[in-house]
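*Asks:* Mapping of the sequence shown onto this note's numbering: residues 320 to 426, in sequence order.
Any given hint might turn out to be false.
[Said to hold, decoys possible] Label pairs and their calculated CB-CB ranges:
#1 397 / 362: 28 to 34 Å
#2 404 / 426: 34 to 40 Å
#3 398 / 338: 19 to 25 Å
#4 348 / 400: 19 to 25 Å
#5 425 / 339: 43 to 49 Å
#6 366 / 334: 46 to 52 Å
#7 353 / 397: 24 to 30 Å
#8 367 / 336: 23 to 29 Å
#9 346 / 401: 21 to 27 Å
#10 366 / 340: 35 to 41 Å
FYI, nobody ran anything at the bench for these hints, they're computed from the structure. Heads up, the beta-carbon is just placed ideally off N, CA and C, and yes, glycines get one too.
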Amino acid sequence: MGSTPLSVWGSELPPEWVLGFQQVTQLVSVCVGLVIAYYAYRGYRRNESRPMLFLAAGFVLAFAVPFCVLVVYSIVPGVPVGAAVIASQTSQVLGLLTVLYAIRMPT
320 MGSTPLSVWG SELPPEWVLG FQQVTQLVSV CVGLVIAYYA YRGYRRNESR PMLFLAAGFV
380 LAFAVPFCVL VVYSIVPGVP VGAAVIASQT SQVLGLLTVL YAIRMPT
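Just need the whole structure built from these sequences, with the hints factored in.
*Replies:* This is the structure:
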């Protein structure tokens, strides 16, 4: 008995406006994540605070890298969907763990 991946939509695709909304919100979340990473990096440079450096790296890993993986998957032919999903999810998890480490890191 084969297992199927968890899917919200099942076998049918959502309406076009939902796909467009998803793309716009994903782009906005990447931009907000990069702005937060930028300010965290500025805080690191100003105060030499290592937790701020890890916070910046975590936001880049959690938001920017998965988006870049998606872009590469969309542009480069022959990239397996499984590799793109694994790379994206791994980057998100590593990013969140890095943010957690930054929060718990002794100053």
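*Asks:* Does each hint fit the structure? Answer for all of them.
*Replies:* Hints and how they fare:
{"no.": "1", "hint": "397 / 362: 28 to 34 Å", "verdict": "41 Å, violated"}
{"no.": "2", "hint": "404 / 426: 34 to 40 Å", "verdict": "36 Å, holds"}
{"no.": "3", "hint": "398 / 338: 19 to 25 Å", "verdict": "20 Å, holds"}
{"no.": "4", "hint": "348 / 400: 19 to 25 Å", "verdict": "21 Å, holds"}
{"no.": "5", "hint": "425 / 339: 43 to 49 Å", "verdict": "45 Å, holds"}
{"no.": "6", "hint": "366 / 334: 46 to 52 Å", "verdict": "48 Å, holds"}
{"no.": "7", "hint": "353 / 397: 24 to 30 Å", "verdict": "28 Å, holds"}
{"no.": "8", "hint": "367 / 336: 23 to 29 Å", "verdict": "47 Å, violated"}
{"no.": "9", "hint": "346 / 401: 21 to 27 Å", "verdict": "24 Å, holds"}
{"no.": "10", "hint": "366 / 340: 35 to 41 Å", "verdict": "39 Å, holds"}
Checked against the numbered hints above, the structure breaks hints 1, 8 and satisfies the rest.
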